[in-house]
Amino acid sequence: MLLLFCSIRCTVLLLKPSWKQHYSFPWFGMDIGGTLVKLVYFEPVDITAEEEQEEVENLKSIRRYLTSNVAYGKTGVRDVHLELRNLTMCGRTGNLHFIRFPTQAMPRFIQMGRDKNFSSLHTTLCATGGGAYKFENDFRMMADLELLKLDELDCLIRGLLFVDRVGFNGHPECYYFQNPSDTQSCVKKPCTLDNPFPMLLVNIGSGVSILAVYSENNYKRVTGTSLGGGTFLGLCCLLTGCETFEEALEMASKGDSTNVDKLVKDIYGGDYERFGLQGSAVASSFGHMMSKEKRDSISKEDLARATLVTITNNIGSIARMCAVNEKIERVVFVGNFLRINTVSTKLLAYAMDYWSKGQLRALFLEHEGYFGAVGALMELLKTTEDP
Amino acid sequence: MKQLCHHLAFPWFGMDIGGTLVKLVYFEPKDITAEEEQEEVENLKSIRRYLTSNTAYGKTGIRDVHLELQDLTLCGRKGNLHFIRFPTHDLPAFLQMGRDKHFSSLHTTLCATGGGAYKFESDFRMMADLELHKLDELDCLIRGVLYLDSVMSSGPSECYYFENPADPDHCVQKPCTLENPYPLLLVNIGSGVSILAVYSEDNYKRVTGTSLGGGTFLGLCCLLTGCSTFEEALEMASQGESTRVDKLVRDIYGGDYERFGLPGWAVASSFGNMMSKEKRESVSKEDLARATLVTITNNIGSITRMCALNENIETVLFVGNFLRVNTLSMKLLAYAMDYWSKGQLKALFLRHEGYFGAVGALLELLHPS
Chain A
272 MLLLFCSIRC
282 TVLLLKPSWK
292 QHYSFPWFGM
302 DIGGTLVKLV
312 YFEPVDITAE
322 EEQEEVENLK
332 SIRRYLTSNV
342 AYGKTGVRDV
352 HLELRNLTMC
362 GRTGNLHFIR
372 FPTQAMPRFI
382 QMGRDKNFSS
392 LHTTLCATGG
402 GAYKFENDFR
412 MMADLELLKL
422 DELDCLIRGL
432 LFVDRVGFNG
442 HPECYYFQNP
452 SDTQSCVKKP
462 CTLDNPFPML
472 LVNIGSGVSI
482 LAVYSENNYK
492 RVTGTSLGGG
502 TFLGLCCLLT
512 GCETFEEALE
522 MASKGDSTNV
532 DKLVKDIYGG
542 DYERFGLQGS
552 AVASSFGHMM
562 SKEKRDSISK
572 EDLARATLVT
582 ITNNIGSIAR
592 MCAVNEKIER
602 VVFVGNFLRI
612 NTVSTKLLAY
622 AMDYWSKGQL
632 RALFLEHEGY
642 FGAVGALMEL
652 LKTTEDP
Chain B
17 MKQLCHHLAF
27 PWFGMDIGGT
37 LVKLVYFEPK
47 DITAEEEQEE
57 VENLKSIRRY
67 LTSNTAYGKT
77 GIRDVHLELQ
87 DLTLCGRKGN
97 LHFIRFPTHD
107 LPAFLQMGRD
117 KHFSSLHTTL
127 CATGGGAYKF
137 ESDFRMMADL
147 ELHKLDELDC
157 LIRGVLYLDS
167 VMSSGPSECY
177 YFENPADPDH
187 CVQKPCTLEN
197 PYPLLLVNIG
207 SGVSILAVYS
217 EDNYKRVTGT
227 SLGGGTFLGL
237 CCLLTGCSTF
247 EEALEMASQG
257 ESTRVDKLVR
267 DIYGGDYERF
277 GLPGWAVASS
287 FGNMMSKEKR
297 ESVSKEDLAR
307 ATLVTITNNI
317 GSITRMCALN
327 ENIETVLFVG
337 NFLRVNTLSM
347 KLLAYAMDYW
357 SKGQLKALFL
367 RHEGYFGAVG
377 ALLELLHPS
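Just so you know, the protein sequences line up as chains A and B, in that order. Mapping of the first sequence onto the numbering used here: residues 272 to 658, in sequence order. Mapping of the second sequence onto the numbering used here: residues 17 to 385, in sequence order.
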């Protein structure tokens, strides 16, 4: 009965021209990637007493569950530090929460959706990422939920521009590194994406996509590379015995990749001047590892570092070639490979600056891997966006 | 110029000291007159005999007999060109031999290229009293490539390509030549990779490079599988299945990512399955070796394609010892160039793979530029 009443109320609202169209809660955006599921949840904080009374039990329980925990099950995490507070979306004020869990745990998530009778809420579940296609049937079969499937790159761009526009609780969302070549005086500096176009957008997830973005609705996927975050983690697990991204980064922070990589100076005895290659540049990644003696002398930390450096520099190199090809000077790096990964962000900043002789600038965004999910949420609300 | 080199003292060598291998080309004269033979100093004769009567030297030196060019005319002399390689790691033993055989008393110029020509310059001087004439590796590479392709030989064509690279049952090697080769994209895959845009014999630029090369393949394979040599690594790779190790587009999308033309079988994340303990335990060393080969090869292919696009060049020539006895990578490169460019790009290969730098160094000795 309650449900019917709600439906009628929504319909009544629809008929009142002075009211904006109101999509029923909960408002979610979901990005089901190759490794992680990113979920954004809008928690309304302007619920009137009347609304609260009418709120169905399972909706209330979902809201409480999500906002009173920072961990869900064994692997779900809410990134509290990324929460956007007092955001206005579609005439409602609320907090935007950022939640992630491994794609491997998707069956459990769908099970939870079923247990909480999510389907009875009749909301549209906007989902992007490959998993929106891969798991479409599972959502339908296991939880009676219909996904509105969206393209991951459309959502990425939409989400990115939105978060940059609204800012990060009064602070800029975007940042870069000043003096990236100088480890001592390299500092993080805020910026905004005013006049962001054209920009080269490099999304580093399990794999990498590189987009040339000319306007919000005009972009092309220039290329991609399969050597991404998944490669870093996969190789690290194999080479060092670690099991998580955090462990791999921890090891990498302590290692020395020059024990593993063959540098230009190892081959030339110094710089390769003719073509401007400094002795310290890597000539052959993991090149020392063909020698048993050297294999026996390096540590797991060195291997983790070399893996990180190799993958990061390869992405940087490819990004740079694209920037040159597309004649774009601003390169924005996003994706969860960069989460808590200052080694890579600084390396990318340095590489863009150094190899382009200062022509290219690397930019980064605080909400790293969540833009696809934000974009999906916006698709849900798109006809009702605030001016 | 030709008259000058005619009188150049033997032996005639060209040497390329790379990050992993030393490549040596040696010209064995077959038109020595009785008079010349009589005058020939003992150590020169001994060097000639040692090199040509063996196919292996010490523990790690190898003469690639199948690559020998017979009845070649160089500088008015007729002879055989031999192709020899050994690990750069064993250069000290080589220098010792040069010293023992009193190479320095022969007063020949030793033309050497590759990074090692710079790195080991002092060692040559100190240990064997030899002065190296140092040459740039990319100058020599181009020179060597153009020369060997042009040589009229009764043997197989130097240059070849693959027809039907995507079809394992119908994929065949076909000969070709580099007539009117310019512009050409030259991809040299050694320990690391250099990519050159070549507009004429004397006009080229190094477009870019990547540090993920042959050395990366071998280094990672040794770490992941416990193998110790390039040949072992390739053998393992030939028996493995990389799709168990890599995360494919279909593993993420459940099929193709149609919007951007990515087929389900394309690799989305190399080694991407290896973050799962279960999957790590289910793959073999052979699968890991294969995945390493495929990852490195496809990355090179991808970067090459971007360069070809940017430089507006349709012909791509792959050389370097990463491709030695490595048909798997050659076919992958041939396929990738064709597929991702929708038939616009053509991948070419050369039989003497990694020896062009050394040949170029020899040519510099005979015809100084």
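Calculated directly from the structure, the hints in this document are not laboratory data. A couple of the hints might just be wrong.
[As the list claims (entries may be wrong)] Straight-line alpha carbon distances no greater than 25 Å define the calculated SDA-like cross-link-like pairs of lysine to any residue that follow:
id : chain 1 : residue 1 : chain 2 : residue 2
1  : A       : Lys563    : B       : Gly77
2  : A       : Lys405    : B       : Trp281
3  : A       : Lys420    : B       : His105
4  : A       : Lys563    : B       : Ala109
5  : B       : Lys293    : A       : Pro378
6  : A       : Lys598    : B       : Glu297
7  : A       : Lys571    : B       : Glu297
8  : A       : Lys536    : B       : Ser138
9  : A       : Lys565    : B       : Gly242
10 : A       : Lys565    : B       : Gln112
11 : A       : Lys563    : B       : Ser254
12 : B       : Lys293    : A       : Lys598
13 : A       : Lys571    : B       : Thr241
14 : A       : Lys565    : B       : His105
15 : B       : Lys293    : A       : Pro297
16 : B       : Lys221    : A       : Lys565
17 : A       : Lys536    : B       : Ala282
18 : A       : Lys536    : B       : Glu327
19 : A       : Lys628    : B       : Lys221
20 : A       : Lys405    : B       : Glu274
[Stated by the list, open to error] Partner residues aside, some chain A positions facing chain B, computed with beta carbon under 10 Å:
id : residue
21 : Ile303
22 : Thr359
23 : Cys361
24 : Thr374
25 : Glu417
26 : Arg492
27 : Thr502
28 : Glu514
29 : Ser588
Since we're looking at a predicted model, the values are computed, not measured. Idealized CB from N, CA, C, for every residue including glycine.
(request) If any of the earlier hints don't hold here, list their numbers in rising order. (result) 3, 6, 12, 15, 16, 17, 18, 22, 23, 25
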